Every structure is written in C-alpha cells, then in structure tokens.
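J.: Chains as they are written, first to last, in the working numbering: chain L, 1 to 281; chain R, 282 to 815; chain H, 816 to 1311; chain C, 1312 to 1626.
The set of hints was computed from the structure by calculation and includes no laboratory data. These numbers were taken from a predicted model, which means no experiment stands behind them. There's no promise every hint is true.
Which chain R residues face chain L? A few, computed with CB under 10 Å, are given here [what the hints assert, rightly or not]:
#1 532
#2 606
#3 643
Short derived list, chain C residues pointing at chain L, Cβ under 8 Å [what the hints assert, rightly or not]:
#4 1447
#5 1449
#6 1450
#7 1452
#8 1453
#9 1458
#10 1464
#11 1548
#12 1550
#13 1585
#14 1601
Every residue gets a Cβ at the ideal spot worked out from N, C-alpha and C, and that includes glycine.
Here is how the chains run, residue by residue.
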Amino acid sequence: MSALTRPSSSAAHPSLWFGAAMTAIVVLIALVSLVWTPQDPTAMEMTQRLQGPSALHWLGTDRFGRDVLSMAMAGAAISLQVSFVAIAFGMALGVPLGLFAAMRGGVLDEAAMRMSDLIFAFPALLTAIMLRELFGPGALNAMIAIGIFNVPVFARVTYGAALSLRTRDFVTASRLAGKSETLIALDHILPNVLPLLIVQATIQLSLGILAEAALSYMGLGVQPPAPSWGRMLNDAQTLMAVAPRLALVPGLCIVFTVLGLNLLGDGLRDKLDPRLRRRQA
Amino acid sequence: MTLLVLDDLVATLDGAALLRGVNLRVAQGEIVGLVGESGSGKSMTALAIMQLLPERTASTGQILFGGRDLTQTAEAAMCAIRGRDIGLIFQEPMTALNPLKTVGDQIAESFMLHEGLAYAEALDKTRAAMDRVGLADIPATRYPHELSGGQRQRIVIAMAIACRPKLIIADEPTSALDVTTQAQILDLLRSITRESGAALLLISHDLAVVASMADRIAVMKDGRIVEEGATRSFFGAMRDPYAHALYEASVHRPARQPMMNKTAPFFVAENCTRLYRKPSLFRADPQPLRAVDHVSLALSPGESVGLVGESGSGKSTLARALLGLDPLDQGTLTLDGVVLDPARKQDRLRLRRKVQLVFQDPYSSFDPRRTIGWSMTEALGHLTEPVSESDKARRVAALLEQVGLAPDFAGRFPHEMSGGQRQRAAIARALMTDPELIVLDEPVSALDVSIRARILDLLADLQAQHSVTYLFITHDLTLLRAVTDRTLVMQKGKIVEEGPTARLLDEPQHPYTQALVAASPDLPAHVAGLQSDV
Amino acid sequence: MIRLLTKACLALVLVTASVAMAPLSAAPRTDLNVGMRLEPPHLDPTAGAAAAIGEIVYANLFEGLTRMAADGAIKPGLAESWTVSPDGKVYTFTLRKGVTFHDGTPFDAAVAKFALDRARASDSVNPQKGLFEPIEAVEVIDPATLKVTLKRPTGAFLFNLAWPAAVMVAPQSAADNKTKPIGTGPFKLDRWAKGSQVDLVRHPNYWGAKPALNKISFKIIGDPTAAYAAMMAGDVDAYPIFPANENIPQFQADKRFTVKIGNTEGKTIVAINNARTPFDDIRVRRALAHGIDRKAVIDGATMGLGKPIGSHYAPQDAGYVDLTGQYPYDPEKAKALLKEAGVSNLKVKLILPPPDYARRSGEIIAAQLKKIGVEAELVPVEWAQWLSDVFRGKNYDLTIISHVEPMDLDIYARDDYYFNYANADYKALYAELAATSDPEKRKALIEKAQRKLTDDSVNVFMFLLPKTGVWNAKLEGLWENAPLPVNDFTAVRWRD
Amino acid sequence: MSPLWLLRRIAGLLFALVAASAIVFVLMDLLPGDPAEIMLGTNARPDTLAALRAEMGLDRPALIRYADWALGLLRGDFGRSLTYSVPVAELVQERLAVTLPLAMMAIALTLFIALPLGAFAASRRKSLTDSTIIAVTQLGVAIPNFWFAMMLVLVFAISWRLLPSGGFPGWSAGPSAILALILPAIALALPQAAILTRVMRSSLLETLGEDYVRTARAKGLTRAEALRRHAFRNALIPVLTILGLQFSFLIAGTVVIENVFSLPGLGRLIFQAINQRDLVVVRSVVMLLIASIIVINFCVDLAYALVDPRLRGRS
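Isolated chain L (complex conformation):
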C-alpha cells in the first residue's frame, strides 16, 4: 500500500483499451444520435411494419414501421443519460456523506452507514415500482430509483477509502500544517479517493444501463415516444416468435455497452487500484 494512486507506466492493459474503445463507440453513437439518425426514430409508417433489414432500414422496422437502427442509436443516448444522471445523483449525495462519516466518526458515522445498509436491503426494483406508483413512470423516476442505490455505493467507497487515508502520514502532515478538517478533506482525501470513485462510477454506469433496461422493460422507466433499449425489448416481447430480430438488436446493444464499461472499469481498476498491484512492488 505504498502509494494509493501511483500512476502505472504499463501500457499492457488490453481490457482498458478494449473497454475504452467500446465505450467510446457507444458514447459517440449516442452523441451523433442527438443531431442525426438515419431516420426519425419516432416516425411511424404503418405500411412498413415489421420489415426485415433493407437498404433503407438496415436493421428493419418495428411494429409501427419505425427504423430500428435509428431507435437503437437514440436509445443509446437515453440509456447513457439516465445512467449518468443516476450516478451524478449518487455521487452528489454519497460522496459528501461518506466523507463526512469518515472524517467525523462516532454516532453519525454509525447512523449514516446503517442507513445505507437499509437502502441496500430494499430491492431496487420494488423501489422503482413504488416510485412509479407515486410519481408516474418516466425517465426521471428511473434516474432517481437507480440514483438512490448509487448513494450508499459511493458513500461506502468514499467512506472506506477516506477512513484509511485519514490515518496516513501526509494527512497528519497537513494537520500539522494547520489545515482544518474540511480543507484536508478537500485537498487530500477527495483527490485521492477520486480514482476509486471513477472506477466505481464506471461500474455503476454499467449497472445503471442494466437497471434502466430492466425498469423500462417492466414499463417503469423511460416512456414512449422516447426510444430506449429496455422499451424496445418490452415491445419486442410479444413479437418474439414473429421477429426475434427486434429483441436481438437492443439486447446486443446493452451487452456491448455494459461489456465495454465493465472492461473499462476493470482496466481502470488494474491501473489505479493498488490492492491488485501490491504484490508486484
């Protein structure tokens, strides 16, 4: 544990590069879809229902004659957006909570961590169902439902890392330099926790994509006419025997994205997390 964040010179992280490339592709497609898709992803053409792949519709059309490729592209943007917001939500609440608990300790510490345990015990899906019942379904609810579960995750990562950092000599040195606890948290703890948070964020991003897909699939997440991979799967379910392609496309999109993010997360962790490299030192 000699250096929590000693940058690695090694370029031999194939999973990092694979993951980064895959993620970059998805992000790029999502960005492109904001300004351009081959067809309007919401434009229906009843005469073109359930067409197979063609020059005009590369991946065919869905039950309303919409272009599947365009929907999948636009779906990337929405899935990423939901996950990103959910992570921002989780970080915005979780990181200060974890920092605070670690720096203060005592009863507050205990209470904060018990609360996060409790949140963990509530199955995410049930929370999403209840949120839907309370506020109606929609992308925002999906974000909050997923975000709520990101809070304890980030709180714990921050808490754990901050707790061990707090006893490190350089923090003591900073204290001896007359810095307040708040300043120490901002100047030393946070920057050192950051790499871990980035790794965790990558992992949560992939979990968020999966969760969004599951919620939208259950009709609890993104609502029409906004296209989303989970919704496309929901739509495809009754057409499984007729047009399995409709279930295959969004499913593979999810797998590709999540795989990319996981590889990226693994690679980043190998690069940044000292625990796995301790033995090489």
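Given chain L's structure and the hints, the job is docking chains R, H and C onto it.
T.: Leaving out everything else, chains R, H and C in the frame of chain L:
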C-alpha cells in the same frame, strides 16, 4: 562437509535479472549470514533454494543440496524435501500463518505430511515442538491472532524445525520484532541449530544481527555475492568497496557538536497522561489503558533528545500528544513560557508553528497526488502570514538546497523520487515554518543503511545551521548513541530512566534499560571484540 | 458447462419419451385446458368487476335467471319463461324446478328473491349495482314463481339479468362465494392453485343437459410468449382471447388450430374531457376526430384485427349504424378546424391505462396528433390511478379506454360521468330509449343516439377490440364472439 | 463469539427491521388509488364503494392500521388479502412453493458453476483456459437476465420446443413442474454465476499470494494441497460477502423473471398486488422480502464469524 552449494545461480523474471550469478556454500551445522540492502536478491536466493521462485522465473546454474541438484528435482520430490530437509522462516510473523487455522494444526500438518503420522500423534509431537521453541504455556488450539508477534515467530520456527531439517533458511526473521524479542528469537535460532546440528542460512539487512550470529558472512548486491568470509576475519579483510561502505554506514556516527552549555528549556510538558479506552457500547471502559502515564519532559534550544522504547511503550502516543494531534487527558504543555491547550485552535496553531514532525515512512508522508513543492508549502498561510507564490517558490528552493536536493524537485511527485530523497524533502518541509522543535519519529528506520548514514549527516548539519531542537524517537540504541545528547527511556507509558545518552547506555540503571542495552546488537563493539580475539 | 447441458437434455428426452408413451385412448377427450390472460382476484361475480371472474364462472358454475347466448340473444336460464305486464313494469318469472346448488340447497323463488335483494341492498358490493336500480320490489308468489316490479319500464331488464353480476346465489353460501363458489351450473370448483390455475369439474346432479366435458382447467398464462409456446406445445387447448395479436398469423397458418376473430363489446375510444377548454369547443373535438387515422391505429395497435367504429356502439348489436365515414382522416381539415377554433400550440396529456391496446394506440395517436400541431404527452398509469384520477377525478385531457359493457349508451346520459358530456338533448333521447320496450322503436332510437354522439364528436370512436380466439381445431362449440366477457363451455366438445 | 458483538448485531438487526417496516408502511400508504375502486370497476356506485371500504377497514386512521399490521406480523398474522379474500400467509405459502425452489435452484446452480470454475481459472492463471473463462464471465456479467431469459425462451421453447416457455403446472404435476423451473433458474443463475466466478477467481488469486500459502508450500505441501487446505477457505470470505449481496439481487431478479415466465411466485404476486392495490399483500410480502434480505445479511455476518476465528473475539 558441504551441505549446500549455489553454483552460478542466475534467475530472470520477465527480462529483469533477479540473480546474476550467485555462488555460495553452506557447510553442515554452519551458520551463514547473508547481508544486503533491499533489492539485492537475498530473498530471491532463499526462494530459489526452496524452488519457490515466482512463476515464469527462468533460472540457470546449480543448487546442490546434499549432492542433489534441486534445479533438476521434480516438483513431487521437491515437496518431500521442503519442510523435511529444508525449513524456511519468513520475515512477517503477522501474515506467515493461516488466520483460519489453529497454530497447532498448522504445525501438525508438517508431521502428518512428512512423517505420515495420524492427527493425534502429530498433535503430540506438535506439543513437543512448541515446548522446544519456548511456547510451553501456549495451548495448541490458539489461533494466530491470539498470539503476539514474537510468539507467532516462534510458531513459524517450530514449523520450520518440526521435522529436524538439515538446513534452516531464515529470511529476516526478526526485522519485524522489537529489540528484546529479536534477541530472544536469535538466541532461540542459535540454540536450536547448535543443538540439532542443522545449518542456518540467516538473511538480514542488519550487519549487526548477522555479525552476532553467523560463522560466515556473505554480502550481496545486485544479485551477486560481492564479499564473503569467516566472521572473525571478515571485518578486517573487506576488499569489496560496497561491503566496506555498508560496514561504514552501519557504524556511521555523524559529526556533530555535543550540546555544551544547556540553556533554560523552551518546551515543557508536565504530567502528561493519555488514556486509551476500549470502545464500548454501553458504558465507559472502567479501566482505561494508560498509554502515556504522567510523563514530564523539558527540552532546551539546540539539544538533541532521544526517546527510546519498544512498540507499545507509548512513545508514538506521547509524540502525537506533544504535537497537539491528540488531546491530553491530563497535564500541560508550555511553549516559551505560555501554557497551551491543544483543544483550542489558536493554541494548536501556535504549537505547530514551533513544533514539527518528520515521519518514519517516507512513502506515505507526501500526498501522492501533490507535488513536493505544494506539500512543502502547505503550512504557509495557515501557520504563518499569507505568503506570495514567488516567495513560496523561493523558500522551497532554498530549503531544498539545504537538504541537498535540486530546486526542480519542487515540481516532482513523490513517486518520482527515491526514499532517501523523499525523506530529505520531508525534513525540508518540517523546516518550512522555522520551528524550534522537530520530532523525528524513527526517521531513518525505513531506509537502507547507506542512505541512513547520509540522512543522519544532513540532520546534524541542519541542527547546526538552524539551532533547532530534535526529539528523536527510536528503538535503535546505536543510533541514539550517535545522534543524541540525552535520552529518555519509556516503558508502559512511563519514563523509567533518563540521562545523558552515553552514560545511560554504558551504565544503565533501570532493569528495563539494562535489558534493552543487553538485547541490542552493537556492531562496533562486536567487531572490536572479534578483532581483539584475533 | 457443456456436460451439464448434455445432462439436462438427456433428462428432457427421457421425460418427453415417457409422456409420449402414455397409452393413447380412442375415445374423445373430456377435459379442456383453457388459457386465461389474467387471474381472477376471486370467483364471485356479484362482488367483483374483473372480467376474469365471469370468464370462468359464468354459465359454467353460476347461472342467472336469464342467460346470454353466443349470438347475444337473451335465452331462458333458471327462469324457464316469463311474462311482462303491458306497462313494462311487472315481470313474472316461472322458475325451473328440480334445480339444486352444488351443495344440495334447492333453488326456488325465495333464493332468487334473496339473490336480487342482496345485489340491490344498501350494503351491497355488487359492481353492477346499477343493473338492479330499476327494481321496485321482488315478491315470491310460490316456490316456482317470482314477481319483480320495476320503478319504470326498463327495456334492457332481461338483458341486465343475464349479466355475470346477476347470477343466482344461495343465502347459506353467498358470503363464501369468493373462495368457495356454490352455484347451480353444470360445473363446480375443484381446485384453485392461486397464481396458476382454476379447475372446474362436472357437477353430477346438474338439472340440465349433461355437458360433454368432465373437467375444465383455466390456466393463467398472460405473457404472450409463454402463451404462444403453451398453445404450440399443446399445454393449452384454447385461448378464448389470445393475449397477443402479433401471433395470430402464425396460428392461422397452422392447421392444428382454429382461429376466430370475433367481436367483443369493447368499444375503444379516445375519451375527451368535454368540460375542459379547449375540448368544450366542438370544432376542437372534431379536429381530433379528423386528425386521427383510425386505420393506422388499428393496424399498429391490433395488428389490423380491430373493427372500426364510428360511434359508441358495436356493429353486431341491434340498431347499429355505420358512422365510420363521418370524420375521414384529414390532417389539413383538422388543422383548419383548430385554427378556426383559435387553438394553437395545443399541449395535452394523453393518459394510458395498462392494456397493450391503450399503450400502443396512444403511441400512434400521439405521433398523428403531432402532425396537426397537437403535442400529446403520454402518461401511462396503472388501473388504480386511472380509476381515481381519470374516472373518478375527471382530471384528464384525453385518455384511451375500451368500454366493454354491452350497449352502454346510457353512460353518455349520466350526470357526472367522466366524459363531462352533460347534453340535455341526449339525456332526453336516452330517457325515451330506456322507457321503450318495442324492439323496432328501440332500434330507431338507438340509431338516433349513435348519430347524436358522433355529430357532437363526444369522443373519438376508434375500434372494437377483437376477440382473437385460438383453439385446437378438434374443438367445437366455443364462442366466436363475446357479447359479454364470458366463456360458456357447456356446449364445448372434442371431435373424434 | 463474544456476547457483546452478538448483542450489537442483533440490536442492529431489530433496528433495521423496525425502520424497514415503517418505511414500507408509509410508502404503501402514500400510493395513490383505491383498492375498493379496483375491485368494483367503473360501474360501481359511491355507496357500494364506501360499503366495501368499510368492509376492508380502509377507513381507519393510519397509525392504528400500522400498529395492527406490525403487531399482526409479530404474531405471524400477515393480514387478509383485499382482492383474494384469503389470509396473506396462505398466499405467501403457495407462492413460496414456486419462488423458494426457484431461488434454491438458482443459488445452487450459481455455486455449482461459480466455485469450481473460479477455482479452476485461478489454478490456471494466465493460461488460455483462464482467459477464456474470464472472457465468458465478462460477457455473462454484461447480459441482462431478463433478456437472457427471452433468448432462452426463443431458443429452447420456441425454436427447439424442448422446455416450457412459461407457466407453472403445480408441484402435483411432477417432473413437468421441475422442467418449468429450469429455464427461469438458468436465467437467474448465469449472470450471478458469472459475477461469482470472477470473485472466486480473484479472491483465490489474492489468497494464493498470501504469505501463509508460501509458508504452506515451504512446509512441503504441493500447490494443489496448499490451495485446498489453506487458500480455499480464506478465499471464501469475499465470496460470502458477494453471495449475501446476490441474495438481494436474486429477490429483485425473481420479480422480473417470474413475470417473464409467468410463474406464480412471490415476485409476480407483488407485481400483481401493487397493480390491484392489494396493499395488505404488498406491504406484508415486501416486508417479508426485506426482512429475509436483512436476516440473510445477518446470517452472512454470523457465517463470517464461523469461518474467521478473528471475528469471534478472544475466548
């Protein structure tokens, strides 16, 4: 008769050379000391003998053990040799034992494995083995976490000697232990090898330890043996410059002016008590541990005071209290005649302006994500008036120069520097606010011997320049003698003896001090003894 | 992993083989596995509105005084005949003799009086209590004769008595009918494995003709894919209403199955809150009607199987008039109408209850409305919310819903109904209809009522939900249409 | 195990249960919609609705209803379903007969796949086999379980017609009941197994690098023996943590998977009950699930103490 021959042993891992041709002989019943600094390849040599080198390690050369080339021995046969014919003792008693198994079971495993005993019989022999290593009063059903470090190391030794091997390899067996424990463990190793007739390959970074134990000494550097010879003639006949330097550094005493005219103390701690309470859910711990128990000390300008004690003696807790890092349960701190209450922020800042700290571990004392310059100037503006960026840069450059570092080190990150460089930077940081007292918490114990000597010189120079007071916290009596005027001996939270260092070490009064002095290997004295023998 | 799979496959082959080797009987089967989309919450049709209750128990387990035939005609049930007084206010029923409930309790006029009085009592929890509202008094003349006096002539009274909510229940067993239904029908409850299936077996002492089936199992498989696989595998013999229209072409192409696209009474409409600006303006409502392409919605939402309707009336019912041409799809005209009404940048909320037809229609309709400059936000809700917000609270702009009650022209005449139609002319028209018993006059009035609703463009009338019946080709006697949400299996048999 | 430690843990457990019950009740009470309305449909009249509400006890104050419910739970009385009109305990019992075997099959499958596969990969570190296993698990983690379920249905039920695609014939149907659970169990287990395989592998690798494993090797144990006798049990500790977490995922997973396969299990019961506003069922079953997660986590903590003597405290 020769038991072990290493013949031009070469090992490489992923293109990096670990061993570059090691030649070494160990005779039956002989104790050979293998000395080297970190990275010299001494541990790799041990693993090579055991044929436990990391996977993908390529090696050439021969390892003849009792005439059999171990490099050509099949893995199954090697398993029969390990533990039966060669026993290995590791450095870290904390991690060398499986935490989930009782110590008895772990020792018994050897008997069951090599002597084909049933569990019950193996347990009987285990009892005997534990008695042999001085653990007669420890039940075999204990788990490792229930034992102290020294006890665990005895368990590891019991395991290594269980089947009465012909060769015992001990890799830094006492580095993680306190001085008195170290002496006991070394005694145990010596008596066991003598009694069983086994050979011992003792690997250490500490020339003093090796000199006191070994029949023969070999010095290793960069994967090679650079100097070798019988202990009695070794120190007189060193030809290799590195071996010589190593010896010099080990016995180095920085040139320093002893304090002559002692003035009135500027820093006084009186009756300091610090309690340690076990956290309890329901009520206050009725009998809190007194980590620091009514300790008083007074420091005068320019003097160098040693604080010695073993781990758990309370010396680090005392240091933290003196620095105002932890509150005092009792007692007062007086700085320049003013009584300070560390619970008050203003007083804390005042205290820290005058009292600074240099840490033991140079690797963790700098924030890995900040440049050295940033870390050095952290205190400016908090403990002092606000300082302009250009002034900051100027002061950093000046201090870096004083500690022997180029000014461009200010822009470097900690991982871009060696341990010695970091420790220099840490000293420079401590000087940033012109303190009157610097607490040095084992400032050189994490450094290799050769670097250690240079840091000690630097500290002596700086003291002369800045007329700053040092409070040296250490467990190393040789070091104390070299760098301090006065010494306080701490045991179980109390100062048990204090006095001028030379007097205290030469004529210890308190039984604890006497034990400490007796247990500490003293290389110069030992070498002097050897040479007078010749 | 691969070895595991191989083993699983092997186990499978063994099981399949043992099933296949079961002796094949020559006699026709007497059991029937029926697929159901939804599970009933309980089995008492007099205490719950869920269609699934009637779909299991009606005519099979419970019987009413009158009963609905497959063609929608009213036939004698437990009343073998009746007379109506000339003023249309007194009905005298002659009850069948020798009828007993499954527990042996005899059925007579006293029981019938109990059942009717219970349904209309002040603490009644009957979901269709309105059916009994016209009743003034019920009298037992003798054990086989029941006299019902109405407050006013009610043309649909016999029809009302044929509803599932009007079945006959006995005083001793009525309270427990939810879980232990005791009726007079040819089948009685055998077992209810909650969440998966309801089994009915033949009641040996049935008063009427012995049905061909001995046992009916209602299997609850709502998931379309599972339903499809279950039909294909023969686990289910019949789906009176298959849960997904998407699979219908595949069944049609398969000789093993009979596919009947029949009619339900489910009139699917885009309901409009007539009281809310700008929908209080008839031009806006007409603009909506012109702006929605009925054909595209039917194609997209029902795979082309729904029948278009032009008013709130099903084509198969007496007095139907085809008004589907009144508001042809014409976005330009729709825009012009909106402009005329001074409406621009209209943003509305389109509330969608859970069924697929609503969700899918909503998606298409929103896209169509966008073309006439109306921004429709889709708000999917669960039934609970739909009922409280839309139906009870009338807090909505537009919603898509199927009205499944047959011939329910009355709802437009109700005060305080969620359409907020409140039209005095229509109320007068309906009052006249309600008081008319003569079939020809009724037909004329019904026609007039339909025209009135279409002219006022109260709602946008879309299509009739299809009854997508799929069953084993060897089965006969299943209903092609669904005049009520019921499944009468008394005449169902297996052909050899 | 020190009594104080146990006491603290039990206190934490009780606190969590009480807090969870309060949260569940409040959330349920906030849900819009009236169960009476759902039952009676669109033709119901206001007086009929009021009568039904009174019959179901919905007109009483919230605090009293909470107290009734919580005390009932303590007595093992889960209340009576508003829609099914049967005791919730009975419903739960029926549904558990599907969910419990399904969860057990899934966990068993997960363990049977993950532990050997992870250990195997760790023992062949950096070999082709290892890389292949890693790649496959990486893929397994990325696949959404409901999509995987759909694909299984597509292949095994629709294309090959080997296994039922959904529905549950009841345990009285014998082997076909087990067949009905095979695909759902696989759909639940494989993504979990992928995660656990990775955890097992990395945990074992980490343990294999520990000093005490080297000590064991120095003692003369072969690689395999050292792995089995010294590394395996230590490596199980993180596996246990993940397994505890996976239980909670499994619960959420069954809700989705039971819906995909139309299985009459607890998850589907909750989903239906929420839509029908059968609040009594929802809150009791949700509470049951949450309690089981909390209790399982408690058991995981106890299991740590069993595996790891360091947590038992000095005797």
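J.: None of the hints should be skipped; say for each whether it holds.
T.: Do the hints match the structure? See the list:
About 29 Å separates the beta-carbon of residue 532 of chain R from the nearest beta-carbon of chain L, more than 10 Å, and the hint is not met. The interface hint given for residue 606 of chain R holds, since its Cβ lies 7 Å from the closest Cβ of chain L, which is under the 10 Å cut-off. The interface hint given for residue 643 of chain R is met, as the beta carbon of that residue sits about 9 Å from the closest beta carbon of chain L, less than 10 Å. Taken as an interface hint, residue 1447 of chain C does not check out: its beta carbon lies about 11 Å from the nearest beta carbon of chain L, beyond 8 Å.
Nearest Cβ of chain L to the Cβ of residue 1449 of chain C: about 6 Å, under the 8 Å cut. The hint holds. Annotation: residue 1450 of chain C was flagged as interfacial toward chain L, and the flag holds, the nearest CB pair being 6 Å apart, inside 8 Å. Hint on residue 1452 of chain C holds. Least Cβ distance to chain L is approximately 6 Å, under the 8 Å limit. Interface restraint check for residue 1453 of chain C: the shortest CB-CB distance to chain L comes to about 4 Å, inside 8 Å, so the restraint holds.
For the restraint placing residue 1458 of chain C at the interface with chain L, the shortest Cβ-Cβ distance is roughly 4 Å, inside the 8 Å limit, so the hint holds. For the restraint placing residue 1464 of chain C at the interface with chain L, the shortest Cβ-Cβ distance is roughly 7 Å, inside the 8 Å limit, so the hint holds. Restraint check, residue 1548 of chain C versus chain L: the minimum CB separation of about 15 Å is more than 8 Å; hint violated. Checking residue 1550 of chain C against chain L: minimum C-beta separation of about 17 Å lies over 8 Å; hint violated.
Below 8 Å, beta-carbon pairs count as interface contacts, and residue 1585 of chain C has one with chain L at about 6 Å; its hint therefore holds. Proximity of residue 1601 of chain C to chain L holds as hinted, the smallest CB-CB distance being about 5 Å (cut-off 8 Å).
Hint check: violations occur at hints 1, 4, 11, 12; the rest are consistent with the structure.
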